[in-house]
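**Q** Next come the chains, spelled out residue by residue.
2 protein chains.
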Amino acid sequence: MPLTKAEITRLRSLQEKKHREAAGLFVVEGEKVVGELLGAKFPLVDIYATPAWTGARTVDVTADEMARFSHYPTPASVLAVGKITRPPLAAGALDRGLTLALDGIQDPGNVGTLLRIADWFACDRVLLSPDCADLFSQKVVNASMGSFARVDAHTLPLATAFASVKVPVLGCDLQGDAVHALTPLRDAVIVIGSEGRGISDAVRPFVTYYITIPKYGGAESLNAAVAAAIVCDNLRRVSK
Amino acid sequence: MPLTKAEITRLRSLQEKKHREAAGLFVVEGEKVVGELLGAKFPLVDIYATPAWTGARTVDVTADEMARFSHYPTPASVLAVGKITRPPLAAGALDRGLTLALDGIQDPGNVGTLLRIADWFACDRVLLSPDCADLFSQKVVNASMGSFARVDAHTLPLATAFASVKVPVLGCDLQGDAVHALTPLRDAVIVIGSEGRGISDAVRPFVTYYITIPKYGGAESLNAAVAAAIVCDNLRRVSK
Numbered sequence: 751m752p753l754t755k756a757e758i759t760r761l762r763s764l765q766e767k768k769h770r771e772a773a774g775l776f777v778v779e780g781e782k783v784v785g786e787l788l789g790a791k792f793p794l795v796d797i798y799a800t801p802a803w804t805g806a807r808t809v810d811v812t813a814d815e816m817a818r819f820s821h822y823p824t825p826a827s828v829l830a831v832g833k834i835t836r837p838p839l840a841a842g843a844l845d846r847g848l849t850l851a852l853d854g855i856q857d858p859g860n861v862g863t864l865l866r867i868a869d870w871f872a873c874d875r876v877l878l879s880p881d882c883a884d885l886f887s888q889k890v891v892n893a894s895m896g897s898f899a900r901v902d903a904h905t906l907p908l909a910t911a912f913a914s915v916k917v918p919v920l921g922c923d924l925q926g927d928a929v930h931a932l933t934p935l936r937d938a939v940i941v942i943g944s945e946g947r948g949i950s951d952a953v954r955p956f957v958t959y960y961i962t963i964p965k966y967g968g969a970e971s972l973n974a975a976v977a978a979a980i981v982c983d984n985l986r987r988v989s990k
Numbered sequence: 751m752p753l754t755k756a757e758i759t760r761l762r763s764l765q766e767k768k769h770r771e772a773a774g775l776f777v778v779e780g781e782k783v784v785g786e787l788l789g790a791k792f793p794l795v796d797i798y799a800t801p802a803w804t805g806a807r808t809v810d811v812t813a814d815e816m817a818r819f820s821h822y823p824t825p826a827s828v829l830a831v832g833k834i835t836r837p838p839l840a841a842g843a844l845d846r847g848l849t850l851a852l853d854g855i856q857d858p859g860n861v862g863t864l865l866r867i868a869d870w871f872a873c874d875r876v877l878l879s880p881d882c883a884d885l886f887s888q889k890v891v892n893a894s895m896g897s898f899a900r901v902d903a904h905t906l907p908l909a910t911a912f913a914s915v916k917v918p919v920l921g922c923d924l925q926g927d928a929v930h931a932l933t934p935l936r937d938a939v940i941v942i943g944s945e946g947r948g949i950s951d952a953v954r955p956f957v958t959y960y961i962t963i964p965k966y967g968g969a970e971s972l973n974a975a976v977a978a979a980i981v982c983d984n985l986r987r988v989s990k
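Going line by line, the protein sequences match chains A and B. Its first residue numbered 751, the first sequence is counted upward by one per residue in our numbering. Its first residue numbered 751, the second sequence is counted upward by one per residue in our numbering.
Just so you know, these hints were derived from the structure itself, not from any lab. Accuracy of the hints is not assured; some may be wrong.
Derived pair list, reagent style DSS-like, types lysine-lysine, alpha-carbon separation capped at 27 Å [claimed, not checked]: (1) A:782 to B:889; (2) A:889 to B:833; (3) A:782 to A:768; (4) B:965 to B:889; (5) B:767 to A:965.
Could you put together the complete structure from these sequences and hints?
**A** Below is the structure:
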């Protein structure tokens, strides 16, 4: 049964955050990313697929139809729709395990890479400040390489989340103690600011100490994802 | 004096690698990147600037002229031309200091980020296999955030460079010894392969041992630049 025009318009509209929020749905398109979400057993509401897609589907479409609602100049063979869920952060949750908190990371590729890093290092959760790239944007999901489906991520004002935290809050900054000197910490929050601006003024009062990655050469800064990965590697090394 | 049509065509043509190679010139456009290269005292052949650019220049142009040779949809106020230099790699150079060797890293953003990491960790040189992104492409230079001007980089077949190397060649792989267990090494080569393919068959015979970044969670791999940064951090920590 051919798709209605309204259905095609609806699928196309999910490219924009405001429409995703209104519908409570997000979309991912492409063989690789849909395969990753299926592999991670992420619940999908619908999977629109052309005959070229050999995996699971809920709706058969023609390549012509796909071209009409595709989010890309070159349509893929599969486009999946997922439900936006915003599980609340349980009270006291930050006091157990490792939390990676992203403070104003606006580049969606960086946010996706950070989810992947959190997944690699088994961070217990990721917090995103509301001015981070939208967790449910396709670029974030793609860049996370499937980690989107495995990481417990929450978007919320960091200052609210940190108000009653009892564990150390480590702020990654250009000035601070060398990350190599970290003492063992199994429970901690790591705050990563944006490259340009660093940690925001709203968050600084909650940082219990600042850590830095020792620099040996000339670059002025490191990419936020690179910095987070080095901190996680150092923290996991000492907290085993 | 207005620019000739031939001059405008020539400047535009430097977007493409074959024209850059033929002319022995590369181009960077934008206030930030030109400022970084000037800040690093990188020698520039020409600096075309509109009245909006307040820095150094060699040729005054109007905004209309800039729009005709700009490499971007939104023209910047400054576009600089630099000379492509390919200094030879001195015999035995790899046996002193830290070399970061990129094996088939095709994404220019990744190559630029890797130059920045090499700069931060004071790697003595970077080698790029010929199938890496072109060192002189604007995307690489931009992503390096000025490190392009500070890092000693060479594009050449890695197997040729490695043929007579005497120091350890560490291959970063998903299987190998934990990077946390690295013994102090002041002189070494670190090989980073592409995310999809890993270290190439041509390079594997020269790897003296494989190292890996311990994984604690679910992600299948780390981004090449993230992996390189963690290895450099571990190597610098132990070799101080």
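**Q** Holds or violated: residue 965 of chain B with residue 889 of chain B, Cα cutoff 27 Å?
**A** At roughly 31 Å apart (the allowed maximum being 27 Å), residue 889 of chain B and residue 965 of chain B break the hint.
**Q** Is the hinted pair residue 767 of chain B and residue 965 of chain A satisfied, with a Cα-Cα distance of at most 27 Å?
**A** Violated: residue 767 of chain B and residue 965 of chain A sit about 33 Å apart, past 27 Å.
**Q** Take the C-alpha atoms of residue 782 of chain A and residue 768 of chain A, compute the straight-line distance between them, and say whether it is at most 27 Å.
**A** Roughly 26 Å separates the two Cα atoms, so the pair holds.
**Q** Is the straight-line distance between the alpha-carbon of residue 782 of chain A and that of residue 889 of chain B 27 Å or less?
**A** Holds: residue 782 of chain A and residue 889 of chain B sit about 25 Å apart, inside 27 Å.
**Q** Holds or violated: residue 889 of chain A with residue 833 of chain B, Cα cutoff 27 Å?
**A** violated (36 Å)
Of the numbered hints given earlier, the model fails hints 2, 4, 5; all others are met.
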